[in-house]
Amino acid sequence: QQPVQSPQAVILREGEDAVINCSSSKALYSVHWYRQKHGEAPVFLMILLKGGEQKGHEKISASFNEKKQQSSLYLTASQLSYSGTYFCGTEISNDYKLSFGAGTTVTVRA
Amino acid sequence: DTGVSQDPRHKITKRGQNVTFRCDPISEHNRLYWYRQTLGQGPEFLTYFQNEAQLEKSRLLSDRFSAERPKGSFSTLEIQRTEQGDSAMYLCASSFSTDGTEAFFGQGTRLTVV
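Chains A and B, in that order, are what the protein sequence lines are. For the record, in the first sequence the residue sitting at position 12 is 12 according to the working numbering, with numbers rising by one throughout. For the record, in the second sequence the residue sitting at position 90 is 90 according to the working numbering, with numbers rising by one throughout.
Please keep in mind that the hints were generated in silico from the structure rather than gathered at the bench. Careful, some of the hints might be misleading.
BS3-like cross-link-like pairs, simulated, lysine-lysine; straight-line CA separation at most 25 Å [unchecked claim]:
id: 1; chain 1: A; residue 1: K26; chain 2: A; residue 2: K97
id: 2; chain 1: A; residue 1: K26; chain 2: B; residue 2: K11
id: 3; chain 1: A; residue 1: K26; chain 2: A; residue 2: K50
id: 4; chain 1: B; residue 1: K71; chain 2: B; residue 2: K57
id: 5; chain 1: A; residue 1: K67; chain 2: A; residue 2: K37
id: 6; chain 1: A; residue 1: K97; chain 2: B; residue 2: K14
id: 7; chain 1: A; residue 1: K59; chain 2: A; residue 2: K37
id: 8; chain 1: A; residue 1: K50; chain 2: A; residue 2: K37
id: 9; chain 1: B; residue 1: K57; chain 2: A; residue 2: K97
id: 10; chain 1: A; residue 1: K26; chain 2: A; residue 2: K59
id: 11; chain 1: B; residue 1: K71; chain 2: A; residue 2: K37
id: 12; chain 1: A; residue 1: K50; chain 2: A; residue 2: K97
In this text, all values refer to a predicted model and were calculated from it rather than measured experimentally.
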């Protein structure tokens, strides 16, 4: 039931782009993306709902392919502040219970 | 309101002791969740409340774990007879109970069982 994230880690230089993928074996109701910095709480980035509605961060975009049960998070023109571990959380039914992937560690270097 | 707060931030306990953690959610939120996170992994769902009702418990939650949310406000998570495998970060989150709403996480309580 836990979604699978890829890649496990990525290293970027400032200004470069990256894509983080999240896939599930179950039909999804929604996908939630969070970023967590070391020793801190996960911070909400984006929700993608079945049916196409999105809500979230203005500088980070994401997509949700309902047929493939996959979501991708796009980091564009990365900044140093984008460093952290990104988690996707998937919701199978409308019960707000999330199953999280193992995370993708992003390191942005100057 | 400054967000979800958890207390204590760190707890070191001897194996076999009982521990209790507290979570104060964002005041308007009627849903409250507990998750557990171990090093290098994403948060794992433990249980959640809508107001004061505990609606679901994960199979991960053994009988040694109990959670309460009296009056639908703050919540406590108690672990009895702690084991070394209980060492983890315990995260609390809260949200509204409407479609498309995000959950806000607290800073967590890091438990170390020695």
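Quick rundown of the hints versus the structure:
no. : hint          : in the structure
1   : A/K26 / A/K97 : holds, 14 Å
2   : A/K26 / B/K11 : violated, 37 Å
3   : A/K26 / A/K50 : holds, 13 Å
4   : B/K71 / B/K57 : holds, 19 Å
5   : A/K67 / A/K37 : violated, 32 Å
6   : A/K97 / B/K14 : violated, 32 Å
7   : A/K59 / A/K37 : holds, 18 Å
8   : A/K50 / A/K37 : violated, 28 Å
9   : B/K57 / A/K97 : holds, 11 Å
10  : A/K26 / A/K59 : violated, 29 Å
11  : B/K71 / A/K37 : violated, 33 Å
12  : A/K50 / A/K97 : holds, 15 Å
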